[in-house]
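This is what each chain is made of:
2 protein chains.
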Amino acid sequence: MPKIGMEPLRRKALIDATISAIGERGSLDVTMSEIAGRAGVSSALAHHYFGAKDELLLATMRHILAELTADMRRALRSASTARERVSAVVAVNFSDVQFRPETIAAWLAFYVEAQKSAALRRLLKVYARRLHSNLLSGLTGILPRNEADRVAEATAALIDGLYIRRALKDGVPNAATAIALIEDYLETKLSRRSAQ
Amino acid sequence: MPKIGMEPLRRKALIDATISAIGERGSLDVTMSEIAGRAGVSSALAHHYFGAKDELLLATMRHILAELTADMRRALRSASTARERVSAVVAVNFSDVQFRPETIAAWLAFYVEAQKSAALRRLLKVYARRLHSNLLSGLTGILPRNEADRVAEATAALIDGLYIRRALKDGVPNAATAIALIEDYLETKLSRRSAQ
DNA sequence: TTTTGTTGATTGATCCGTCAATAAAAAATA
DNA sequence: TATTTTTTATTGACGGATCAATCAACAAAA
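Protein chains in written order, with our numbering: chain A, 4 to 199; chain B, 4 to 199.
Pair ranges (Cβ atoms, derived):
| hint | chain 1 | residue 1 | chain 2 | residue 2 | range |
| --- | --- | --- | --- | --- | --- |
| 1 | B | Leu12 | A | Thr180 | 46 to 54 Å |
| 2 | B | Arg125 | A | Pro176 | 12 to 20 Å |
| 3 | B | Asp187 | A | Thr180 | 20 to 28 Å |
| 4 | B | Ala183 | A | Ala131 | 15 to 23 Å |
| 5 | B | Arg65 | A | Lys6 | 49 to 57 Å |
| 6 | A | Asp152 | B | Leu12 | 44 to 52 Å |
| 7 | B | Thr72 | A | Ser45 | 46 to 54 Å |
| 8 | A | Gly144 | B | Glu186 | 19 to 27 Å |
When the alpha-carbon atoms are kept at most 30 Å apart in a straight line, the in silico BS3-like pairs for lysine-lysine are as follows:
| hint | chain 1 | residue 1 | chain 2 | residue 2 |
| --- | --- | --- | --- | --- |
| 9 | B | Lys15 | B | Lys172 |
| 10 | A | Lys172 | A | Lys119 |
| 11 | A | Lys128 | B | Lys119 |
| 12 | A | Lys15 | B | Lys119 |
| 13 | A | Lys172 | A | Lys15 |
| 14 | A | Lys172 | B | Lys128 |
Chain A is faced by these chain B residues, among others (derived, beta-carbon under 10 Å):
| hint | residue |
| --- | --- |
| 15 | Tyr114 |
| 16 | Ala131 |
| 17 | Asp163 |
By construction, these hints were calculated from the structure, which means they are not laboratory data.
Note that CB positions come from ideal geometry on N, CA and C, so glycine has one too.
Using the sequences provided together with the hints, build the complete structure.
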């Protein structure tokens, strides 16, 4: 019984279903039928709206990225000092919305898939660059440029590393501990400089 | 034309072929025929020696892990002080043998697969624990126990994070830079404590 | 003649993507 | 207003491709 204006609702439902399916299976090896089933529609409809599976996956990654970007913008707006900006960027990556098992699993899976898909790789590179420049925007106010660059690189690596370890359910158990770890690193790096 | 004693040679060749195939494709989505072809045999032979595909993949991960463990032992043997032991553990992870594109891709792919395969997950957890205790064996000589634990956790996260970023071919470009980044972190962490 | 090495051919399952068909809403036309 | 037509929503069924795993068969060494 077709009601008009279904398209945006179905697209959203299918993308949500994709994330939860990936999260449960822990990889992109989910079938279109599985995803469609979770969204309460047939696989034919998923193809109708997204064309190929690749595009559904791409749209899903775009959605995750867009949410992260929005959260990041919000967090940066409410940070007044350079130091606060750095902490805000870190905190967003471990917020309740971002640091969920499904989202983490999706990130990891997409990282792997990016090695095959050029489109996905481009998306992830854009995110990486944005993360770096966001971190830098805070750090350059405190450290000399080339050292700020290093610290930004290390912080980004720490974030990714803590995501991976969380996916393995080994090592750092929760977001608070993860944040504390990175903040500890930043504190030693920044307080040291400011003390000299 | 069968010659005796082929089994160990074929096993080795198949495992090597698996690593190079995974490295090239960037994921575990490689067919048995592809792997067998690279090893110069038929896919039927691969099944003959390894049974199922899962077991070939598992054997491959075991092989990578065994090599890393051997390298680690060697490096630790030639380190005399606690501080040197820490650096040795870090260095091994970025040695020419370990920090190759194929090996990195394989690691990443296996991390993802571990979410599906319990056997693989067990393997990776063993590795994670060993890495942690190796780092700790050096750090406990310098830092109080609970802080040593934290630093070990952060170092492990940095290693994983730098692997991921290398896989994306973005960020840190080479092993030397990666090592410098981690050593810089360790130096600030350790020199600070020893100065107090 | 038994063991070891090896493969081509085949089977069975999975899964993506397409298509024809159906149904209801909306728009156009009479 | 009544009708036809078009657009939007939706699915079951199916074709075709891929691939893991098996098996029968063959060859050479022991």
